[in-house]
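Please put together the full structure from these sequences, using the hints given.
Residue numbers (our numbering), protein chains in the order written: chain Z, 1 to 186; chain B, 1 to 281; chain R, 1 to 567.
Don't read these hints as lab results, they were simulated from the structure.
Virtual Cβ for every residue (Gly too), placed ideally from N, Cα, C.
The reader is advised that the hints may include incorrect statements.
Claimed, not checked - Subject to a maximum C-alpha distance of 27 Å in a straight line, what follows is the list of computed DSS-like cross-link-like pairs (lysine-lysine):
hint	chain 1	residue 1	chain 2	residue 2
1	R	412	Z	94
2	B	85	R	48
3	Z	47	R	411
4	Z	176	Z	53
To be verified - Partial pick of chain R residues on the chain Z-facing surface, computed with a CB cut under 7 Å:
hint	residue
5	38
6	280
7	348
8	460
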Amino acid sequence: MWFQNCCILVANFNAMKRLFFALIALLSFSFIIAPGEGGTIPSTTVKKLDGSKVNTSTFSNNGKPMIISFWATWCKPCKKELDAVHENYEEWQKETGVKLIAISIDDVRSSSKVVTDVKTKGWAFEVYLDENQDFKRAMNVNNIPHTFLVDGNGKIVWSHNSYTEGDEDQLYENVKKILAGESISH
Amino acid sequence: MKIKLVTGLFILGVFMTACDKISNPIQNASNSVDTATYVRKVLLEDYTGHFCGNCPPAAEVASQLVESNHGKVIAIAVHAGFYAKLYPPDYVTSFTTAVGNDWDGTQGFNVSGIGNPNGMVNRKSYGGSGVVQKETKWPTSVSLALQDQYVLGLTISKTYNASSRILNSTVKAKFKIAYSNNVKLNLVLVEDSIISEQKDYRKNPDLVTNYLFMHLLRAGINGSWGSTLKDAPIAAKDSVSLDFNNFAVDSKFNDNHLYLVAFAYDASTKEILQAEKLKIR
Amino acid sequence: MFLKTFKSSLKATFLVLGLSLSFSVLAQENPDYGSIHGNYQIDAQYYKPDSLIGAPVVPEKMLSNAYGIINYSRGKFSAGVRYEAYNNVMQGFDTRYKGQGITNRFARYQDKLLDITIGNIYDQFGSGLLFRTYYEPGLLYDNSLDGVRVISNPYKGLTFKGLVGKQRSFFTVGPGIVRGFDGEMNLKEMLDSAVSSDFPTIILGGSFVSKYQPDQDPNFNLPENVGSYGGRLNIIKGGFNFFAEYVYKENDPSANNSSVVNGKTYYSYKFGDGIFVSTSYAIQGLSFLLQVKRIDNMSYRSDRDATLQNLMINYLPATTKQHTYLMPAFFPYATQPAGEFGTMGEIQYKIKKGTLLGGKYGTEITLNYSQANGLKQIHVDDSTTTMTLYKTNYGEIGNLYYHDAFIEINKKFTKQWKGTFMYANQFYNRNIVQFGSPNAGYANILSNIVVLDLTYKYKSNSSIRLETQGFFSDNPSNPNAGSWLTGMLEWSPSTHWFVAILDQYNYSNPSDALQFHYYLGTAGYTSGPHRITLSVGKQRAGIFCVGGVCRNVPASNGVAISITSSF
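Pasting the structure below:
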């Protein structure tokens, strides 16, 4: 296997080069398996706004696609993205039955602001607290906003990091593609 | 049943979560007189800078340790890093040295990189807290270092010509036990009782213009990392003598307050095995 | 020795990579082999010395921080490793992050009755006032507990947690052992069908944490075991949420409560305690939030001689507004563990769509005020006996450390235009917050801050954003704390690309020669979960905080690249 050969070669190089190769290996590795593809939602515990605990592996939407969006009360682009979805949410739900699950990674300092933000903004999403960031780690989110698309079978089929204006349109296109059984590209 | 077992275990655990309530914080000083022939002296390095307002308390801790241990602790104040730079108009006297910069640098012990004040006791970690330690840790580390095994003894002798300011010194080492690593010897010049500016946050205003600097590192005589004292294998009773001749003492230094500090260290672990000092006049 | 560790950790990394690669190929074909996920981030910067802005000479010229995480999960089992590499660590971080190695690995088995984790553990009890371990790569903060954790749900709504281990300290672990137990019960879940659905959620919790570190001090009898305990209550009903936690810590003499008088060290053997109360009420379009916190002698670390961000067992949240724009976050506040009384109140209101002020899309208004004071320490003359050294009284507060009065208006005008306006009035006690000493000799900073952020969306996925910010402070004694103007223009032509130019200008510096434009150009490319950004230019010295932990970053001039990805 090329990988192992590469390993032996690398062992003789100096530290900087080793690191470089390790990174290249990581990079190529990540492109071998398509991002997030094939995975299911890992099992961790998050909190509902009413204080009860929910296992993330039980997230489902009756065979319809789901959007899982990581955000925080102090993250401006995250809130922009969720606001943008909020504006179209009724229409999206009517057309496709899609559901958005918003995971707040706020820690204790700001987690009490989650409920006030959500209520004030009138978001109709399912909102959960991931105070200890267990779910964030399990989903390998480095930076927020980070949005995942889950198909009707509970498979993660697409993910996207950061938000720019108009990203919500692409997100919705992808939701429709999932429903139509088409594959999604970035 | 299972539930009871789990609950019971957790309750047991809670009781095991002990805590010690101390009503007599201060230990009684032991008055035992030390009569040991072989004394392993301890080198305490205090990394500091004149712009470091939190550093004077650490300097006091160092002086206190030197005083209370009756010649068994040798201290060196090393000015290096951000706080030792010049900050005109108030802090304009440089106390940095090439040797100090090397010890402090990232290729050395990276002390100011961690923050000032910080220091090292025999350049060794005591109790798993790392080689570089806060001043609150120094008394503990010093008392542990004094109990470390005696490896070798050092004797310094010198001739100093006060008019030409030429210093010749000899360091003799005698090993008491066999030692399996290479040992190196570093010789530096240290000056006491310098009066200059120091920032001290305990004072208001914090600029102290007549601050008394003690045991300040002034110069290296055989570089930052010293010379080979003896390579392994070293047998018990091995002895070595090293000469360092024709060292010109900078005219800025007050030779009445200058002394040599020699220390032997393990070349691979960097731990200091013995230290000694001698006034140059 | 070091090289050996390095080699073996490198080998381990490749082994893991290789293994996970073969697994992942299988994983896609057959879900029974479980799934592999991971992410990595690489940051590197080329530094050019610039004596004018105070950017220091970097001998390595280029510095980099990198990490990669791989997690494997299959059914009830999961495991993961994290590899970190600092060659050498970037400016502004603790230089003890040096070299590379595996810094985190864990295996976990979750069952209905028991959930067992071995390895590096992240967890928190209650709000974290007694125990919280977490990882924040942006700050290189990682106080994970390397040990064992058992979680059990013996009954519906009842959770027990027990853990023991040592905390991560750079590439090793600290000297102290940390042990903790936590129990929590959700009354509503426990009573289940016995109560009606509009019965309020009531959650009760209690925790015990203790640390052990040997005492070898020649002068003091230091407690080898330092215990702490706390209780908490959370009541939730509809839009109402009340949370309160009280914690108490036994005598814990440490570097954080020591002082030196005439060369003699004095520790405070006083107990520590803390209380945190948060109440909120929210209905559609309107919400209130009130937080109160009092902290006294609550620095709690698994090494009594540790300082800075190292080996903290607990987490003390700052009850101040967490800002996202540059200028209001210029002088961020962090909780003072020695003693602090903090309060924050916030009102959020959304003016309805279709009203005069609400316009077509509604208008959001946020009002926030937060304040932090020290505690008034009353001297106790017991330095030769019990050595508590001071006491505090409830209801007596000390000097002002920080305040922030803040208003933000968020409005979407049309489909194309939206904007945010923000104004803040801040007070920052620089001596205390930045230098930890009332006599550090810096003037307090009182500032007025204005931000206007406008976005113009000219195509469905193309937009231009303009941020103008002003930091106005009358503080000529400290050039870098004077007034600043900031402008940023950001262009996102598609969902993949963005280009931005940032200029920060310290126009009020009394010396003309020291007035600079800190230009920074940034370009980024995002594709799904992959993101690459490149920036060129000058960055001013500043304090960067995430979640209450801050670090000082020196000014720099150069080229920086950042790559993040997850899979």
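Here's how the hints hold up against the structure:
1. As the CA atoms of residue 412 (chain R) and residue 94 (chain Z) are separated by approximately 24 Å, the hinted pair is consistent with the 27 Å bound.
2. Between residue 85 (chain B) and residue 48 (chain R), the direct Cα distance comes to roughly 20 Å. Compliance with the 27 Å bound is thereby established for this hinted pair.
3. Using a Cα cut-off of 27 Å, the hinted pair residue 47 (chain Z) and residue 411 (chain R) is violated, with the two alpha carbons roughly 31 Å apart.
4. Distance check on the hinted pair: residue 176 (chain Z) and residue 53 (chain Z) sit about 31 Å apart at the alpha-carbon level, beyond 27 Å; violated.
5. The closest approach between the C-beta of residue 38 (chain R) and any C-beta of chain Z is roughly 6 Å, which is under the 7 Å cut-off, so the hint is satisfied.
6. At about 5 Å, the closest approach between the beta carbon of residue 280 (chain R) and any beta carbon in chain Z falls short of 7 Å, and the interface hint on this residue holds.
7. Interface restraint check: residue 348 (chain R) against chain Z, minimum CB-CB distance 4 Å, threshold 7 Å, status holds.
8. The criterion of a C-beta within 7 Å of any C-beta in chain Z is met by residue 460 (chain R), whose closest approach is roughly 5 Å, and the hint holds.
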